[in-house]
Amino acid sequence: MKDKLYRLAFRLLQNVQEAEDVVQETMIRIWTKREEWGRWQSLEAYCMISARNSCLDRLRKQKLRSVQESKARDVSSPDKDPQEKIMEKEAMIQIRKCMDELPQHQQLVIHLREIEGFTYNEIAEVLDMSLEQVKINLFRARNAIRKSIIKEASS
Amino acid sequence: MKAKQERITVLLEKYWQAETTVEEEKELAEYFRGPGVPPEWESYRELFSFFEEKAQIKPSPELEGRIMESIRPRHHMVWWAAAAAIVLMLGLEPLFRHAPERVHVEQPGLVMTDTYDDPEQALAAVQKALFTVSKKMNKGLHPIK
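Heads up: the protein sequence lines correspond to chains A and B, in order.
For the first sequence, counting from 1, position 150 maps to 150 in this note's numbering; every step adds exactly one.
For the second sequence, counting from 1, position 1 maps to 1 in this note's numbering; every step adds exactly one.
A few of these clues could be false.
Claimed, not checked - Below, computed lysine-lysine pairings styled on PhoX-like, alpha-carbon distance capped at 20 Å:
| # | chain 1 | residue 1 | chain 2 | residue 2 |
| --- | --- | --- | --- | --- |
| 1 | B | K26 | A | K4 |
| 2 | A | K135 | B | K4 |
| 3 | B | K26 | B | K4 |
| 4 | A | K135 | B | K14 |
| 5 | A | K147 | A | K135 |
| 6 | A | K2 | A | K33 |
| 7 | B | K14 | A | K147 |
Treat the hints as calculated values from the structure; they're not laboratory data.
Looking at chain B on its own, in the form it has when it is part of the complex (with noise of 0.2 Å):
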C-alpha cells in the first residue's frame, strides 16, 4: 500500500509539471477511481473523476439520425438514377420486342435494313454499348459501396 501510495506521489509530481505519458496517466486515473485513496488526495480524485466524468457525455442520440438524413438524399440520386436507367431500359424493350412486327407491315417502300452486315461486328458493337452502360452505372453506385 505504502510502495503504491510512493508510486503515485512520484506520478503526481510528473503530473503537475506535464511529464507524464499517457500510460501513466491511465495508472493515476485508475488509481484515483479505486479505493483507499487518502483522505488528503481526496480533490485530486475528485478532479480525475471529473475527467472521466465528462468523457462518458455524448450528444442526444437522435444526432445520428439528422446526420443519416443529411447524407441519404445523395443515396436517393443514386437510386433515382439507377431506377431511372432501369424504368427507360424497360419503357425501350417493348420497342425491341414489336420491332420484328414493323418487318412485316406491308408498306410499300418501307424497307429494313441492318445496322451491320457482319453479325460478328454487330455483336462487338452491342457488347460495347452494354460495357460503357455498365461502367456509368458502376460509377453512379461507387458511393454506396
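Isolated chain A, as found in the complex (with noise of 0.2 Å):
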C-alpha cells in the first residue's frame, strides 16, 4: 500500500521528501480512523484519494510560493529519485519527458493504469472522473506518448 501512495505522491510532487511526507501523513490519518474502516467500500481507494487530495494542497501551496523556487524543482532537480536516477536510459529519458509534460489529469490516468494496473472503475474512483472521461484521459495520455517516442525513434 504504502508503495502505490509513494509513487503516486511522487508522479505529482517529483519530490522525495516531500512524497514520503505525504505517505506518512496519510498512513497516519487513515490509522486515527481505524474506526471506521468497516464503512469504507474500498482502503485502498480511500488511502489513494487521500494522499492524492495532500498532493494538490501541497501543489496549490507550492503556486503561491516564488517562480524561482518552483523553477529550481525541474526535471534535473537534486531530488529526483535516485532510483529513477540509476535506471533513466535515453528513451527512458524521453518518455517521462513526455509523461511529465502531459496535462495532471492524463499524468494520473496513465499512471493509475500502466504503473499500478488499476481497472477504470478503480481510476474513476480514486480520480472522482467519469469512464468515459478516463478513457478519453487515457486514450490522450497514450497518443501523446506514442507520438514522442516515434519522432524521437525516427530522428
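Assembly of the complex is requested from the two constituent chains, each provided in isolation within its own frame, with the hints serving as guidance.
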C-alpha cells in the first residue's frame, strides 16, 4: 500500500522527501480513522484519494511561492528519486519527459493504469472522474506518448 | 511466431484506442518483456519497460519506521494507562493487606463496620466493580488488537 501511495505522490510532487511526507501523513490519517474502516468500500481507494488530495494541497501551496522557487524543481532537481536516476536511459528520459509534460489528470490516469494496473472503475473512483473521462484521458495520454517516442525513434 | 505478432498487432491497436482490458495489457507487457521483439517495435518495448521499472520504485526503507514511530505514541498511552492501573492496584494492595491489623488497634470508639450485611450481596458488588474495571481496561486496549 505505502509503495503505491509513494509512487502516486512522487508522480505529482516530483520530490522524494515530500512524497514520503505525504505517505506518512496519509498512513497516520488512515490509522486515526481505523474505527471507520469497516464502513469504507475500499481502503486502498480511500488511501489513494487521501494521498492525492494531500499532494494537490501541497501543489497549490507551492504555486503561491515564488516563481524562482518553483523553477528550482525542474527535471534536473537533486531531489529526483535516486532509483530513477540510475535506471534511466535515453529512451526512458524521453518517455518520462513526455509524461511530465502531460496535463495532470492525464498523468494520473496513465500512472494508475500502466504502473499500478488499476481498472477503469478504480481510476474513476480515485480521481473522481466518469468512466468516459478515464478512457478519454488514457487515450490522449497514450497517444501523446506514442507520438513522442515515434518522433524520437525516427529522428 | 507470425500468429503471435498478428495477435500483438491487434492488441496494440486496441491499446492505442484505450480499449484493451487489464489482462490484455498484461499480455502486451509480457510479450515486450520477452525476446524476439521486432526492431520496428523497439520503442514500444522501451515504453512497456519504462512502466515496469516505474512500478518497482519504492520509498526509502526508513519510511516504515517513521510511520510506526508516529503511530506508536497511542500504544504508549494505552500501555501507560494499563501500567498506571496496575501500579494503582498494587499501590492499594497494602491497604487491603493491612486492613485487618487496623481492626485490632485498640482505640476506644473506633469500630470497624461492614458495608454489607449479606455476604452474597457483598460478593455481587465486588464482581460488579471488577467487571466495570475490566470492561474499561478492555476498551482501552481495543486499538492494539
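Status of each hint after checking the structure:
no.: 1; hint: B/K26 - A/K4; in the structure: holds, 18 Å
no.: 2; hint: A/K135 - B/K4; in the structure: violated, 27 Å
no.: 3; hint: B/K26 - B/K4; in the structure: holds, 15 Å
no.: 4; hint: A/K135 - B/K14; in the structure: holds, 12 Å
no.: 5; hint: A/K147 - A/K135; in the structure: holds, 18 Å
no.: 6; hint: A/K2 - A/K33; in the structure: holds, 17 Å
no.: 7; hint: B/K14 - A/K147; in the structure: holds, 16 Å
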